[in-house]
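Using the sequences plus the hints, can you model the full thing?
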Amino acid sequence: MPESSEHTITREQVAHLADLSRIDLSDAELDDLAPQLSVILESIASIQGVAGDDVPPTSHAMPLTNVYRDDVVRPGLTAEEALSGAPEVEQQRFKVPRILGDEQ
Amino acid sequence: MSYDDAMAQFDPAFGLEVHVELNTATKMFCGCPTEFGAEPNTQTCPTCLGLPGSMPVVNAKAVESAIRIGLALNCEIAPWCRFARKNYFYPDMPKNFQTSQYDEPIAFEGYMDVEVEGETHRIGIERAHMEEDTGKSLHVGGSAGRIHGADYSLVDYNRAGIPLIEIVTKPVLGTGARAPEVARAYVGQLRDLLLGLGVSDVRMEQGSLRCDVNLSLTEQDSASLGTRTETKNVNSLRSVERAARYEVMRQAAVLVGGGSIRQETRHWHEDTGVTTSGREKSDADDYRYFPEPDLVPMAPSREWVEELRSSLPEPPHERRARLQAEWGFSDLEMRDTVGAGALGLVEETVAAGTAPAAARKWWLGELARRANESETDLGSLGVTPADVARVQALVDEGTLNDKLARQVLDGLVAGEGSPDEIVGARGLAIVSDDGALGAAVDHAIAENPEVADKIRDGKVAAAGALIGAVMKEMRGQADAGRVRELILERLR
Amino acid sequence: MNTPDRRTASAIAEALAAGETTSVAVTQAHLDRIAEVDGAVRAFLHVDAEGALRDATASDERRAAGHPWSPLDGVPIAIKDVLATRGLPTTCGSRILEGWVPPYDATVVARLRGAGLPILGKTNMDEFAMGSSTEHSAYGPTHNPWDLDRIPGGSGGGSAAAVSAYEAPLALGTDTGGSIRQPGAVTGTVGVKPTYGGVSRYGLVSLANSLDQAGPVTRTVLDAALLHELIGGHDPLDSTSIDAPVGDLVAAARRGADGDLRGVRIGVVRELGGEGYQAGVLARFEESVELMTKAGAEAVEVSCPHFVHALATYYLILPAEASSNLARFDAMRYGLRVTPDDDPDHRPSAEDVMRATREAGFGDEVKRRIILGTYALSSGYYDAYYGTAQKVRTLVTRDFEAAFEHADVLVSPTAPTTAFRLGEKVDDPLAMYLNDLATIPANLSGVPGISVPSGLADEDGLPAGVQILAPAMADDRVYRVGAALESLLARGWGGALLDRAPELTGASS
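If you read the protein sequences in the order shown, they are chains A, B and C. Mapping of the first sequence onto this note's numbering: position 92 corresponds to residue 92, and the numbering continues sequentially without gaps. For any residue, its number in this note's numbering is found by taking its place in the second sequence, counting from 1, and adding 104. For any residue, its number in this note's numbering is found by taking its place in the third sequence, counting from 1, and adding 596.
You may find that some hints are simply not true.
Listed next, the in silico DSS-like pairs over lysine-lysine satisfying Cα-Cα at most 27 Å (straight line) [to be verified]:
#1 B/Lys240 <-> B/Lys336
#2 B/Lys190 <-> B/Lys336
#3 B/Lys465 <-> B/Lys576
#4 B/Lys576 <-> B/Lys507
#5 B/Lys336 <-> A/Lys95
#6 B/Lys190 <-> C/Lys963
#7 B/Lys190 <-> C/Lys987
#8 A/Lys95 <-> B/Lys190
#9 B/Lys465 <-> B/Lys507
#10 B/Lys558 <-> B/Lys576
#11 B/Lys336 <-> B/Lys274
#12 B/Lys576 <-> B/Lys563
#13 B/Lys240 <-> B/Lys190
#14 B/Lys190 <-> B/Lys274
#15 A/Lys95 <-> B/Lys240
In case anyone wonders, no lab produced these hints; they're calculated from the structure.
Following this line, the structure appears as structure tokens:
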């Protein structure tokens, strides 16, 4: 049925999405998630076609605009507070495992 | 392959993405200070640390600066725009998304006219948008603090959340062999423009202006653009030109050798003068942008935009014409000044009380040479217009002569402190104490009796030999004019 | 077994003001109750007896000096574990935040401290507020005080159960799709989701930023109004906070208590009822409408045709926003860090550690929604999913606007069923999602809503709730009508619904 296959998430897709979201899913989880998500997606994809092209999207429930703050320094955290939850600290910095990739 | 050979076959097209740190007192989305060089992790709060539950609030001054930059670049200002989340994981980015702007930049569709050797090139500006900076990582272990091979990294989030404006040009075509120079001139002129607006310190050596250079080659007479590379980390004016030049030659060699150019990110290595291929990022092409739900849309009123427009400093070409007239520079002198990226520096030095010719002499003569020697830009030498003005003032008041002044400049470049501190520390002041000078003069006369006789006989020109002897004894720290006076007083 | 302190917050406040009791005595009584029954109810993830008593002592001193900070100064409160509390663990029901102690207070928490309310502790919830039963808490489920084998609703089941079991007179919850109102309905308590932007979200760990809203969890409508006025109002740290006064909610609740609803138009939403709703829940709802009509209200039927799409819309918007919000839990700056060690030749990179930590630290439902949300935002799918959902959201809002032209408030059952059994739906995500059918539209459009107990369903004797919705910024209406319904029902019952809850006895299950 083309209708249902349109909203199917494959195991490979789940693996790619898990990669994008940095979750090391187990094989069993990958097996389970693909059909589960397909069922959910099938159900929620029902809204496609409900809204015409002329309907504007709502991203905020309240239509506020131009909310700014003045460029004035506010007290923040001490280094001790900032680092209080850190798994590891060295030289008053967050110690993290070696970073793969390029200098940013 | 030489640059000229490459040019014979290919036509370069380039584009620049410039990130500018604004000089607001506080960060883009929180009230943390933005001072450079603070102790690590002392300028953070829940928001810029991305702590669970924290929320952003937009800095009004940053929006104002973004609009002013947009206007100065002849851009349209969006009547309504939003921030969006750019989702990707990186340890120096506290939320693992960057709050940026996506398809609704605050400024778009502008241009800047860039002059190179008397020729004007119009650089199209695609967009200027607001975003936040990341934290800074220190790589420990492995080779010399580089990321590759490091054992671990130490992250400081003081920089995280500092407001950035990203200015993206349209592809620049038709500049031919001048492409690298035009690219450099664009960045130099952009820097002057930002300085003039007062929106950024634009200190490339501190990373407050950072460049990515996109470059592609098209075969002569071909209609379609070639594949482009994006070279990151190009953080001085000189490097912009060198990196562009290098990429032209590299890509030409690949193409001539029958290869094809990969669309990729490359890294510029200041020390070796080459670019290298960057690591592929798996999620680089899927940032999953969506409107930032914690912020509301911005709709700058037309009144506000017009008010900001009317407060803009004069446009660069008008400014150049005015300054040239005020300073009495020749066309060539003016062109050299602009070409060296020294216009703003000279202007500020003049504003600090120095004669225009003297200001030009120091910046374009002495300091440009030093910048060249240390492969950096004038603006990155660590010498400020106020320093130069002070040096000239010391010359004018007779404390320094030109030779000593050059030594003070050496001290400034070496970071030894203010001109006065350097004069003190290095003991450079001219000896104006007539007692000490007189003794040296007497000594020189006694040592050179035949020269002294000539002077007594009226051959005043012979005094030069005695002056030289005195200066040598004083190790240069004497005012030659005063020495001459003292010699003539004694031998008349 | 000691008798619990069954007084409402307003009654405690009056007793404190009259000098009939002390905050220390009240706080200690609730701590004792927690010690006695929470082993069975498991409403709390963290109890701060020492801090609560210290705050209570300070409150008593203020009162003795004649300077209480607020009408509720000295009345203890429990806080959902999704709100940042300086110095108190905040886990969001997740393993990934186990042991995290925030260095800052959420604005609502700061306001409670500033108003002098001792904080009893942090209450259990579905992990990152994803769920309708608290079964998705990494620390085990909370049990419904009416029947310990049943769920207390979710995600804020801990707060509702704490209030229902007299472990706290007041609690704070958060409501993204019904997480305050649905637990209120199934535990026989009152829960209010304020107008979006009416209560600060600063310090509320985001599930779906454009839907989340903190609000009161109480046993009476008046208590909810008292608490709402304390926590509501503009917050410059929350850009989506409305810069307008909260309104006189306490006055509205007091006015409503007279039970007079003349001149009030009540819209019964056709799409929120019927199929999928338990008979006993519908029966209690219809009685409530009848009672209100007898009290002078005019009942009209309204149609909100796009509400049938609200659930699907919600399950596209929420995972999308959540997938991005939860990206920050990466083992670099705070929380759990799991280092994989399977390969001695490969030193784990930051990325390896992120992947391993997120795999170990997030539960199944959280992973499910992160993957779904990542999918919905992916290039090529954005327009079809997230983009479409934002458009349907507009249609839902238009339905509300049209309905509010014919009615001052809209009413429906709060949840389609009474409390189901623990384990009954935990492996069936779609069945679980259906619990929020009636509550979700209000979140999509930002309108305020209250759940008021409507009685016990005939088939299982468990509490059901009526939901009352009002236009944005008209929170006072939900208090007026809610208080009226509460008082009309109490007259019929001859007391509060909770008086009929079974006695809790020590530890079980």
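Worksheet entry | Which numbered hints fail | none
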